[in-house]
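Protein chains: 2
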Amino acid sequence: MTNRIYTAGLVVIGDEILSGRTHDKNIAQVASWLQVQGIRLSEVRVVPDVTARIVEAVNALREAYDYLFTTGGIGPTHDDISVDAVSEALGVPVIVHPEARAILEKYYADKGGLNEGRLRMARTPEGAELIPNRMSGAPGIRIGNVHMMAGVPHITAGMLDALTGTLEGGAPLISETVGGFIPESEVSTLLRDVEKAHENCQIGSYPFFKEGKVGANFVIRSTDRAELDACLAALCEGLEQAGFAFTHGGI
Amino acid sequence: MTNRIYTAGLVVIGDEILSGRTHDKNIAQVASWLQVQGIRLSEVRVVPDVTARIVEAVNALREAYDYLFTTGGIGPTHDDISVDAVSEALGVPVIVHPEARAILEKYYADKGGLNEGRLRMARTPEGAELIPNRMSGAPGIRIGNVHMMAGVPHITAGMLDALTGTLEGGAPLISETVGGFIPESEVSTLLRDVEKAHENCQIGSYPFFKEGKVGANFVIRSTDRAELDACLAALCEGLEQAGFAFTHGGI
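Just so you know, the sequences run in chain order U and X.
By the count of the UniProt record's numbering, the first sequence reaches residue 251 at its end, each step adding exactly one.
By the count of the UniProt record's numbering, the second sequence reaches residue 251 at its end, each step adding exactly one.
Quick caveat, the hints were computed from the structure, so don't treat them as lab data.
All C-beta atoms in this analysis are idealised placements derived from N, C-alpha and C, irrespective of residue type, glycine included.
Treat each hint with caution, since some may be false.
Said to hold, decoys possible - Derived Cβ-Cβ restraints for the label pairs, each shown as a range:
(1) 52(X) - 127(U): 30 to 36 Å
(2) 225(U) - 112(X): 35 to 41 Å
(3) 241(X) - 211(U): 51 to 57 Å
(4) 127(U) - 241(X): 37 to 43 Å
(5) 144(X) - 92(U): 37 to 43 Å
(6) 63(U) - 189(X): 33 to 39 Å
(7) 145(U) - 213(X): 35 to 41 Å
(8) 225(X) - 116(U): 29 to 35 Å
(9) 99(X) - 242(U): 26 to 32 Å
(10) 189(X) - 50(U): 17 to 23 Å
(11) 94(X) - 208(U): 25 to 31 Å
(12) 132(U) - 154(X): 24 to 30 Å
All chains, please: the whole structure from these sequences, using the hints.
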């Protein structure tokens with residue numbers, strides 16, 4: 001654990017997200033997992049199933065951040081082109097990975113055996129390692145700082161589990177939340193002043209509309225527990241002085 | 001309605017999405033709405049509440065696509081910096097928009113009146129028009145091809161309603177879905193061949209895991225009804241010949 005901040009980018013690959021057909025669950029899932037590893041998700045790009053667009057996004061984000069994750073496009077069908085695109089981005093050929101092939105042969109042994117589509121899932125960029133997939137055989141792929149995961153959220157979850165503790169991270173960002181039926185427009189000056197007075201903390205204000213009333217959750221984030229606690233105390237004091245009721249943990 | 005394809009980019013602004021705290025709902029919402037307008041969502045970038053990062057994403061996507069949408073960061077608090085960032089991206093000053101100010105004065109007349117935070121929501125890039133917000137007063141902002149919407153999904157929904165029919169679009173992308181408890185790895189060759197035979201159609205394959213079984217939905221997309229129907233018929237015939245049960249509309 002160091003004071004350095006570790007960052008990651010995420011490329012979500014898939015026409016189904018851009019068409020609105022599928023509600024993405026991987027952004028929040030990868031973000032939460034990275035948080036625990038002490039790595040900050042710094043940018044997400046959602047791109048269509050078009051090789052040139054995947055290549056561009058992968059190259060931009062793998063160079064800008066410590067780690068790059070991709071989700072989607074590593075299945076058996078013709079629209080699964082992520083391996084080809086990442087290989088092109090890295091300038092390496094696509095190979096059939098012997099270990100991945102062995103895993104798939106075993107997995108499909110009692111399911112009709114390997115066929116052309118299933119064999120596609122053994123393809124990786126040359127030089128890659130595999131990320132175990134305990135859910136459905138076909139592995140994720142790790143090459144350099146690039147981590148290629150499935151698009152189906154529960155399979156991605158299994159791959160993230162397999163990666164837990166294997167990536168170097170910094171001090172995790174910790175947070176405290178207070179919330180109430182408080183119009184954020186009535187406390188904007190307070191929030192700004194409390195944040196200014198606690199320089200290693202950020203305060204985010206997230207309005208909501210519930211039970212017919214407006215309110216907001218205020219989330220304080222820091223990598224330092226003592227500073228976080230001091231900032232929290234100052235915010236709570238300010239809200240109390242202004243006569244607002246609030247709940248720790250948020251609403 | 002023309003044959004030209006109209007495209008849009010979306011910049012989702014907000015630390016709360018990148019921390020995993022908030023599950024984004026605006027990507028799917030904006031995507032579905034654009035689809036109906038005949039506009040294709042071509043790229044999404046999620047960026048933090050950092051001016052330089054917003055400026056970079058806004059400039060990249062407003063130049064690359066016909067329309068740019070942003071969500072988030074137009075509220076009353078210190079972390080709402082989208083107006084400043086978009087103004088910087090466009091090279092115009094931030095002004096207090098007289099019409100927006102009048103709307104907010106009226107909205108807050110019986111809620112304690114305008115204060116510093118509330119007045120922030122009357123700020124726009126110079127030259128902007130307003131997008132009505134029937135939910136909570138503070139308007140969205142339209143300047144050039146840039147459309148700035150709220151982060152809170154139900155407010156964004158109201159702003160999208162207000163924009164319905166005001167943007168030029170092409171033929172809407174239409175789709176048909178068939179799905180079944182069919183392992184996609186058993187039909188990958190069929191999918192590829194059917195897609196190849198229908199050049200104005202794309203077939204997406206979206207695997208799922210339900211009731212303890214694997215399956216997939218196959219979504220055919222086209223801007224042409226006749227070609228879509230022909231492609232659908234060919235896919236259904238192929239699935240039948242292979243002995244698979246499937247459901248129109250997907251599972």
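Now for the hints, and whether the structure bears them out:
no., hint, verdict
1, 52(X) - 127(U): 30 to 36 Å, "holds, 34 Å"
2, 225(U) - 112(X): 35 to 41 Å, "holds, 36 Å"
3, 241(X) - 211(U): 51 to 57 Å, "holds, 55 Å"
4, 127(U) - 241(X): 37 to 43 Å, "holds, 41 Å"
5, 144(X) - 92(U): 37 to 43 Å, "holds, 41 Å"
6, 63(U) - 189(X): 33 to 39 Å, "holds, 37 Å"
7, 145(U) - 213(X): 35 to 41 Å, "holds, 36 Å"
8, 225(X) - 116(U): 29 to 35 Å, "holds, 32 Å"
9, 99(X) - 242(U): 26 to 32 Å, "holds, 30 Å"
10, 189(X) - 50(U): 17 to 23 Å, "holds, 22 Å"
11, 94(X) - 208(U): 25 to 31 Å, "holds, 27 Å"
12, 132(U) - 154(X): 24 to 30 Å, "violated, 41 Å"
The structure fails hint 12 only (numbered hints given earlier).
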